[in-house]
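Residue numbers (our numbering), protein chains in the order written: chain C, 1 to 266; chain R, 1 to 266; chain Y, 1 to 266.
FYI, nobody ran anything at the bench for these hints, they're computed from the structure. Be a bit skeptical, because a hint or two may be false.
[As the list claims (entries may be wrong)] Simulated restraints on C-beta separations:
(1) Y:VAL121 / R:GLU193: 41 to 47 Å
(2) C:ALA197 / Y:ARG247: 43 to 49 Å
(3) Y:GLY213 / C:PRO60: 53 to 59 Å
(4) R:ASN84 / Y:SER211: 54 to 60 Å
A virtual CB, placed ideally from N, CA and C, is assigned to each residue, including glycine.
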Amino acid sequence: VSLIFFASDFGPGSEYVGTCHAVIAGIAPATRVIDLTHSLAPFDVAGAAAVLADVLPFAPPAIAVLVVDPGVGSLRRAIALRCNRGDVLVGPDNGLLTTVARMLGGVVEARELNETRYHGVALSSTFHARDIFCPVAAHLSAGVPFERIGSVLDPAGLVAPFRWRLEVAAGCVRCEVSNIDRFGNVRLSAKAEVLTAAGLDECRTFRLALSDGTASVRRVRTYEDLADGEVGLVEDSFGWLCLVENRASASERLRLTRGAHVELAG
Amino acid sequence: VSLIFFASDFGPGSEYVGTCHAVIAGIAPATRVIDLTHSLAPFDVAGAAAVLADVLPFAPPAIAVLVVDPGVGSLRRAIALRCNRGDVLVGPDNGLLTTVARMLGGVVEARELNETRYHGVALSSTFHARDIFCPVAAHLSAGVPFERIGSVLDPAGLVAPFRWRLEVAAGCVRCEVSNIDRFGNVRLSAKAEVLTAAGLDECRTFRLALSDGTASVRRVRTYEDLADGEVGLVEDSFGWLCLVENRASASERLRLTRGAHVELAG
Amino acid sequence: VSLIFFASDFGPGSEYVGTCHAVIAGIAPATRVIDLTHSLAPFDVAGAAAVLADVLPFAPPAIAVLVVDPGVGSLRRAIALRCNRGDVLVGPDNGLLTTVARMLGGVVEARELNETRYHGVALSSTFHARDIFCPVAAHLSAGVPFERIGSVLDPAGLVAPFRWRLEVAAGCVRCEVSNIDRFGNVRLSAKAEVLTAAGLDECRTFRLALSDGTASVRRVRTYEDLADGEVGLVEDSFGWLCLVENRASASERLRLTRGAHVELAG
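Given the sequences, and given the hints that come with them, work out the whole structure.
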């Protein structure tokens with residue numbers, strides 16, 4: 001079975017998502033499409049990159065159309081990246097795909113999607129997921145070789161992967177909020193192992209410095225270890241340090257949004 | 001592979017959507033169901049018609065269950081329309097299906113869904129998507145001929161397609177807001193070509209008259225052509241004139257909602 | 001075709017949902033996954049149980065992963081229940097699965113998911129849907145026998161099914177709000193038949209006592225029977241009494257939320 005993963009900032013249940021599914025079904029009727037997420041924050045390329053770099057390693061190697069594309073219709077290129085693990089990522093050249101590719105063994109070969117025979121019937125300046133990315137992905141899934149979809153690009157010329165703020169000093173970790181989920185869990189741009197580098201392995205209670213105040217958070221293993229209204233620091237399911245509450249929203253209590261700077265001290 | 005497209009105002013991720021998928025899987029296990037959208041505004045039949053009339057032409061001909069149905073359980077009929085392009089549209093007779101059918105070559109044959117052997121196990125007065133539309137669509141996808149699902153209807157007796165406000169005069173286009181998407185893009189009920197009819201082909205900056213004020217908008221090709229905070233007029237991916245901002249919401253800035261009257265002048 | 005139903009409180013379009021789909025696709029590529037809903041209210045196990053106990057009887061017997069799991073990572077067990085109807089329910093032991101199983105003929109056999117060879121590649125303390133429930137479901141769908149996934153549990157030792165408030169007296173029904181849908185329809189924890197038991201069969205207008213006031217509601221068959229702004233009492237599509245308006249939100253007008261106590265009197 002041919003398989004395409006699909007992620008975007010189009011919004012869950014959006015007709016833009018449905019239109020893309022319909023276009024793929026028209027080109028490659030036997031291909032299965034699995035939605036990874038369509039709740040990515042509108043226009044937020046770096047935020048999407050953080051989320052998808054975590055998710056794709058849990059998926060089997062396949063074709064993936066990844067679209068957060070505020071520059072659609074401008075000079076930014078439409079590209080496909082063949083990754084070392086076997087995946088082919090399709091989308092805009094704005095740092096989203098290169099960030100994800102880094103987690104899939106890196107880029108083996110890059111192509112610009114300039115072979116218009118594999119594009120859709122319409123060409124708009126605002127909806128390249130429908131007109132370019134999904135048609136190309138569908139043709140690939142139906143057997144068109146990667147080499148045919150456009151001309152070779154030098155991977156070194158692609159928009160570079162995103163990097164998140166992370167400074168580790170003795171007794172202190174400075175990072176940023178890389179994601180906030182539906183439950184209000186606040187993901188930080190620091191893996192649990194940086195606490196070792198900071199000499200904070202044994203620390204059970206951290207001082208949290210935010211732009212508008214401080215708080216005290218207790219290191220715990222799971223939500224239920226927390227008292228009502230208490231904020232805790234857990235290692236989340238993707239290995240990141242994460243500020244959480246038990247059955248409540250830590251992001252609301254701490255008034256944190258994506259990109260906010262956070263300092264953890266012992 | 002048999003294919004059913006499904007669109008509704010049930011809300012993304014709603015259990016009503018899932019129940020319909022489950023009912024189809026019970027009747028026609030080999031049929032694939034593709035969600036076109038479930039984010040249609042609750043109760044808004046005309047708004048749904050505008051969206052789906054744009055989307056279905058991008059889909060391959062198939063069976064489509066289209067449900068925005070505030071009159072469910074009343075005397076409004078349950079119908080299926082065979083369209084010239086080969087599609088079969090299933091849903092309520094409230095103008096939604098006839099509006100979409102107009103974009104698929106028009107209605108070849110209409111049937112009332114009164115053959116109850118193809119309905120579901122329950123019959124409620126509030127959920128005909130589960131009890132009538134999806135079961136009939138599933139039976140059709142499993143091979144039941146169109147002629148069996150109910151008695152013939154005269155297409156002339158169906159609720160007429162929706163029409164949107166559009167007046168074109170020299171130097172002026174009067175229309176309405178037909179849709180607002182997740183990004184705050186404001187779709188107007190005027191295709192880009194009406195600007196030719198209005199003699200506004202060469203116009204680069206338009207005066208926009210709204211119910212509560214005026215604004216100036218610049219004609220651009222893509223979002224990135226706009227300065228921060230500037231509202232532009234683009235031809236969107238379905239050919240409509242659309243008021244947009246770059247990485248921000250034009251609908252919020254202009255305080256526009258669906259159905260609002262808009263006048264564009266040179 | 002092997003089939004897994006999937007429901008959660010992860011939010012529609014969430015990357016958590018997509019990650020679970022991806023994990024299943026990696027283990028059981030031929031298995032089809034149908035989302036029942038991902039809009040269940042965060043952390044609300046009882047609310048989810050009410051919704052899913054209604055939905056599953058409309059689905060064909062299959063494997064179902066049902067996840068609202070605020071106790072993830074704590075001592076609560078991961079379980080699978082084989083039901084009399086043939087379904088296998090997979091998820092946390094917190095009352096959600098036992099409530100649903102009651103509607104599927106009851107539990108035939110229960111297993112604890114402690115055979116780690118059928119778990120995923122990661123084991124987090126916060127995302128057992130990805131690490132345990134979906135991998136086990138995928139292996140089951142790919143042919144692993146139910147007896148292999150872990151040790152037998154005494155069904156009597158499982159967390160008991162939820163029960164909703166329902167008191168029926170002559171001329172009076174006391175119940176609670178068990179669900180509120182996208183349209184603002186307010187589902188009560190009383191089936192239409194309890195009106196017979198209360199001697200209220202012939203009653204056309206009910207007095208509604210809420211925690212902060214009273215209202216008068218008219219018994220009707222369908223939304224369109226109501227005047228603008230009037231609240232009605234219908235039998236909804238799952239047999240429950242439901243407070244509704246025509247093309248408007250009864251929950252907003254009555255300011256009702258899930259769990260609120262409601263008294264209906266003749």
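Check each numbered hint against the structure and report the violated ones by number, ascending. 1 and 2
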